[in-house]
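Starting from the structure of chain A, add chain B where the hints point.
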Amino acid sequence: MHILFIHDAFPAQFGRLGLELTERYGWRCSYLIQSLSACPTPTRAMLEKLEIHQVPLSQEHRQKGGIPWPQIYGLFLEQCRTVYDVLRTKPELKPDLVVAHGGRGAPTLFLSELFDCPIVIYCEYYFGLNRRDISYRIDLPPAEPAPFFPRSINAPTLATLVEADTGYSATHWQRASFPKRFQHKIEVHFDGIDTTEYQPGPAVRQFGGVSIPEGTRVVTYVARGLESVRGFDIFMKAADRIGRARSDVLFIVVGGEEIHYGWDALHTGRPSFKQWVLEQDKYDLSRFLFLGTILPEQLAQILRLTDLHIYPSVPFVLSWSLLDAMCSGAVVIGSDVPPVREVIEPGVNGLVTPFFDVDQLADTALRVLGDPAAFAPLGRAARRTIEERYSLDVAIPALKDYFERIAAQPARKGVTAPNHPASRRSG
Amino acid sequence: MPPPPLNLLWVEPHFPGRLGAVADWFVRRRGYRCWFYCHTADPPEFWPPSMAKGLNVSVFNVGGVAREPSAPWHRLLERSLCYSYGCWEVLEVNRPKPIDLIIGRSTGLGSSLFAPVYRPGAPVVNFFDYYNQPREFDLADEAGPHTPAAYFHWRRSASAIELLDLENCDLPWTPTTWQRDLFPAEYRADFEVLHDGVDTRLFAPRPRSGPRMIQGRPIPEGARVVTFVAQTLERLRGFDRFWSLANTLLRARSDVLCVVVGESVVRRGLDIDFHQKDYPALLRAQDPIYDTDRFWMLGNKPRMAVAEVLAASDLHIAPSRVYPVARSVLEAMSCGSVVLASDSAPCREVITHEVNGLLLDPNDAGAWSLQALRVLDEPEAFRPLGDAAADLIRERYDQDVTLPRLAELFDRLVEREYRVSRRERETVE
Numbered sequence: 000m001h002i003l004f005i006h007d008a009f010p011a012q013f014g015r016l017g018l019e020l021t022e023r024y025g026w027r028c029s030y031l032i033q034s035l036s037a038c039p040t041p042t043r044a045m046l047e048k049l050e051i052h053q054v055p056l057s058q059e060h061r062q063k064g065g066i067p068w069p070q071i072y073g074l075f076l077e078q079c080r081t082v083y084d085v086l087r088t089k090p091e092l093k094p095d096l097v098v099a100h101g102g103r104g105a106p107t108l109f110l111s112e113l114f115d116c117p118i119v120i121y122c123e124y125y126f127g128l129n130r131r132d133i134s135y136r137i138d139l140p141p142a143e144p145a146p147f148f149p150r151s152i153n154a155p156t157l158a159t160l161v162e163a164d165t166g167y168s169a170t171h172w173q174r175a176s177f178p179k180r181f182q183h184k185i186e187v188h189f190d191g192i193d194t195t196e197y198q199p200g201p202a203v204r205q206f207g208g209v210s211i212p213e214g215t216r217v218v219t220y221v222a223r224g225l226e227s228v229r230g231f232d233i234f235m236k237a238a239d240r241i242g243r244a245r246s247d248v249l250f251i252v253v254g255g256e257e258i259h260y261g262w263d264a265l266h267t268g269r270p271s272f273k274q275w276v277l278e279q280d281k282y283d284l285s286r287f288l289f290l291g292t293i294l295p296e297q298l299a300q301i302l303r304l305t306d307l308h309i310y311p312s313v314p315f316v317l318s319w320s321l322l323d324a325m326c327s328g329a330v331v332i333g334s335d336v337p338p339v340r341e342v343i344e345p346g347v348n349g350l351v352t353p354f355f356d357v358d359q360l361a362d363t364a365l366r367v368l369g370d371p372a373a374f375a376p377l378g379r380a381a382r383r384t385i386e387e388r389y390s391l392d393v394a395i396p397a398l399k400d401y402f403e404r405i406a407a408q409p410a411r412k413g414v415t416a417p418n419h420p421a422s423r424r425s426g
Numbered sequence: 000m001p002p003p004p005l006n007l008l009w010v011e012p013h014f015p016g017r018l019g020a021v022a023d024w025f026v027r028r029r030g031y032r033c034w035f036y037c038h039t040a041d042p043p044e045f046w047p048p049s050m051a052k053g054l055n056v057s058v059f060n061v062g063g064v065a066r067e068p069s070a071p072w073h074r075l076l077e078r079s080l081c082y083s084y085g086c087w088e089v090l091e092v093n094r095p096k097p098i099d100l101i102i103g104r105s106t107g108l109g110s111s112l113f114a115p116v117y118r119p120g121a122p123v124v125n126f127f128d129y130y131n132q133p134r135e136f137d138l139a140d141e142a143g144p145h146t147p148a149a150y151f152h153w154r155r156s157a158s159a160i161e162l163l164d165l166e167n168c169d170l171p172w173t174p175t176t177w178q179r180d181l182f183p184a185e186y187r188a189d190f191e192v193l194h195d196g197v198d199t200r201l202f203a204p205r206p207r208s209g210p211r212m213i214q215g216r217p218i219p220e221g222a223r224v225v226t227f228v229a230q231t232l233e234r235l236r237g238f239d240r241f242w243s244l245a246n247t248l249l250r251a252r253s254d255v256l257c258v259v260v261g262e263s264v265v266r267r268g269l270d271i272d273f274h275q276k277d278y279p280a281l282l283r284a285q286d287p288i289y290d291t292d293r294f295w296m297l298g299n300k301p302r303m304a305v306a307e308v309l310a311a312s313d314l315h316i317a318p319s320r321v322y323p324v325a326r327s328v329l330e331a332m333s334c335g336s337v338v339l340a341s342d343s344a345p346c347r348e349v350i351t352h353e354v355n356g357l358l359l360d361p362n363d364a365g366a367w368s369l370q371a372l373r374v375l376d377e378p379e380a381f382r383p384l385g386d387a388a389a390d391l392i393r394e395r396y397d398q399d400v401t402l403p404r405l406a407e408l409f410d411r412l413v414e415r416e417y418r419v420s421r422r423e424r425e426t427v428e
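Quick mapping for you: the protein sequence lines, in order, are chains A and B. Under numbering that gives the first Met the number 0, the first sequence has 131 at position 132, and the numbering climbs by one with no breaks. Under numbering that gives the first Met the number 0, the second sequence has 426 at position 427, and the numbering climbs by one with no breaks.
Isolated chain A, as found in the complex (with noise of 0.2 Å):
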């Protein structure tokens, strides 16, 4: 089996589950990317066993300051091109399934012309008019295309949708995100966590410099960027009273400071999410460690030695990290929100409190803190969770299923005029 990975970055999604598909079953695994990613960082393995192939840097990737929301589609159209123009010229990766990622769409929608093997959509998301994802914070100061942008921004996914012969999200959540209509030729497949990688035991305790004394009570935040999706300002909050309440606190944040989601700089007029929350209120910032990015072994670390993860996100995609944190040991509070219940059954593998009650949040958290042996359980039972649901030895196999199951059925090549009752291609 040969399955073509295309994804603007990698490792991403992709990289460790084909070389999971690899090592375990011999596929052979090549992928089409723009840019080696820092988050997570590929692994050895991955470069030796794994064939990379790169196209050049879409405008949107070149581009700084970010692409005006109605050329989004134009941007990726060119990609599309791009991908096209750049497989035509490479006879040799003729693959068996192509299996596509675009955070605005994958770029296969020219494929087709290409390939007759069957296209897999990874569909990570479609944006929601209102109540969700990055039209959930109606308490930050309005930004101008909030009413627009969820109107036009899914027409790369839609048409990639329709293309496309399936699809698969990482969680229910993400699947129910997509349109009913189409949520028939969507498979709910998670990629899998390390729990290797990932798992309780004694940590190191000292990170940027700071050596943490035993007996302190560390409290984590990790999220890809410090921003408002991801409730980077509630946790500050909460941060802010659970610290006044302990002395012996220290609170490890994990994440860069660019904007990945949502419209932060509209909200704020600044750059820098976190430099604007830390603005707001007089925070001790000697009670922070602030980390930036780092290697996931470092993360992994971090998360053995937390007594609390805290994830304080609106209802998006579903973060590794909190995954991570319950494949660690950790005890988590989430959001009360329904991607976050998916994972987290309340008083039994985690808690939630909702998403804007700050004080709530830090009672909560602070009860934690107050008799950790008494929620111990709590994260062990997310663990358990962990490998009995998401971890790589139950994900990699049923995706492996998946993909040959869907490698065996005839590609649909474009679903419109084959299904016209008028087409000459039509049965």
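Check each hint, because a few of them may be wrong.
Sample of chain B residues with no beta-carbon within 10 Å of chain A, all distances over it, derived [what the hints assert, rightly or not]:
1. Arg-32
2. Val-56
3. His-145
4. Glu-185
5. Ala-280
6. Leu-408
Here are the simulated SDA-like cross-link-like pairs (lysine to any residue), alpha carbons at most 20 Å apart as the crow flies [stated by the list, open to error]:
7. A:Lys-179 / B:Arg-187
8. B:Lys-276 / B:Thr-231
9. A:Lys-179 / B:Thr-231
10. A:Lys-184 / B:Asp-189
11. A:Lys-93 / A:Val-54
What follows is a set of in silico ranges between Cβ atoms, one per label pair, in the way DEER data are often shown [to be verified]:
12. A:Glu-387 / B:Arg-17: 56 to 66 Å
13. B:His-274 / A:Arg-388: 49 to 59 Å
14. A:Pro-270 / B:Glu-67: 25 to 35 Å
Bear in mind the hints are in silico, worked out from the structure with no lab data behind them. This one's a predicted model, so the numbers in the text were calculated from it and none came from an experiment. Using N, Cα and C, we set each Cβ at its ideal position, and we do this for glycine too.
Using the frame of chain A, we list chain B on its own:
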């Protein structure tokens, strides 16, 4: 008790476009109040009767790439979003109210997409014309090895605005089943298939006797009038086929008069070879008209003038490529003209061969000439086809048959008040 008159917001890039006649019917027949928002408008002689008598037109401007004469294929959605934004901007300034329902038609320009930002909660009905198939129908059937890959890329990606409109509207509406079936299977069940109807009082058969006139010009007694009507005289509507047939008929019979209505410059982007070109001029250069005195090209004409032409027609020619059946075909049928059309799925939905019209393989020019000459030889023998066509239009396609059904749908949508729109109901709780 009849429901109270509604207040309707219509959005279409051009007025009266396709929806203008429908809005006009709602004003005249139902007393509804209609605001029509467009980017461009025809001159007043093209306006429907209810203009300024319940139907008010506002023009919106556009910015960005939409201001440029043409946009690269990959920026067409961006252009559409500029139209949509321009419409929203003027709605915000004019603030028409109340609005019970929004009806939009994008024709690839997506102008109704952001209207709900101005009037949230109002149900949205969108009229859909066409969904591009990458390698099939219209002119794609004639693409060859010389056709650039970008042409197919464009075709595969050009319907993005239709997808957004489908997702953002409460009721998709299209005139024919064939058009509905062009859309992705996931959307078809949602569609209301309902023709927007023919004004049968305007497009009515002429009296059996008496002189015929077109644009004030008398038609000689005994002349055989052959007509071709299209928005644009282009390949898509088979104007090249008509041109060739017309020359054959003009040569074969000295009593044939060909009358052509339509704009000469090709506007639709589907024809990449002749886009923005004067297509009749190109045909003329290749194959001059045999007798120009008997070949009347009237240009683009208001509905009244089109009705006069079609009422005078003995044979209406519609040799279209595979594309939605032209409104002029139904109007010709309504006038009782014998229609000779392409034997294609969209035409078959309306015309039954030798029952209410004639259908032939559009690529068999010889068969078209023979069939046309037969009709012109014996108009009386073929008159029953025209009569049956007129009956069909009155029974199934008359505005007064189709639009009351549309009115019922509108009333029902508003009655339900769709406070939580469909997409919001689909939002994950």
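A quick look at each hint next to the structure:
{"no.": "1", "hint": "Arg-32", "verdict": "26 Å, holds"}
{"no.": "2", "hint": "Val-56", "verdict": "24 Å, holds"}
{"no.": "3", "hint": "His-145", "verdict": "16 Å, holds"}
{"no.": "4", "hint": "Glu-185", "verdict": "4 Å, violated"}
{"no.": "5", "hint": "Ala-280", "verdict": "33 Å, holds"}
{"no.": "6", "hint": "Leu-408", "verdict": "20 Å, holds"}
{"no.": "7", "hint": "A:Lys-179 / B:Arg-187", "verdict": "14 Å, holds"}
{"no.": "8", "hint": "B:Lys-276 / B:Thr-231", "verdict": "11 Å, holds"}
{"no.": "9", "hint": "A:Lys-179 / B:Thr-231", "verdict": "39 Å, violated"}
{"no.": "10", "hint": "A:Lys-184 / B:Asp-189", "verdict": "18 Å, holds"}
{"no.": "11", "hint": "A:Lys-93 / A:Val-54", "verdict": "17 Å, holds"}
{"no.": "12", "hint": "A:Glu-387 / B:Arg-17: 56 to 66 Å", "verdict": "58 Å, holds"}
{"no.": "13", "hint": "B:His-274 / A:Arg-388: 49 to 59 Å", "verdict": "55 Å, holds"}
{"no.": "14", "hint": "A:Pro-270 / B:Glu-67: 25 to 35 Å", "verdict": "31 Å, holds"}
Of the hints listed earlier, those the structure fails to meet are numbers 4, 9, in rising order.
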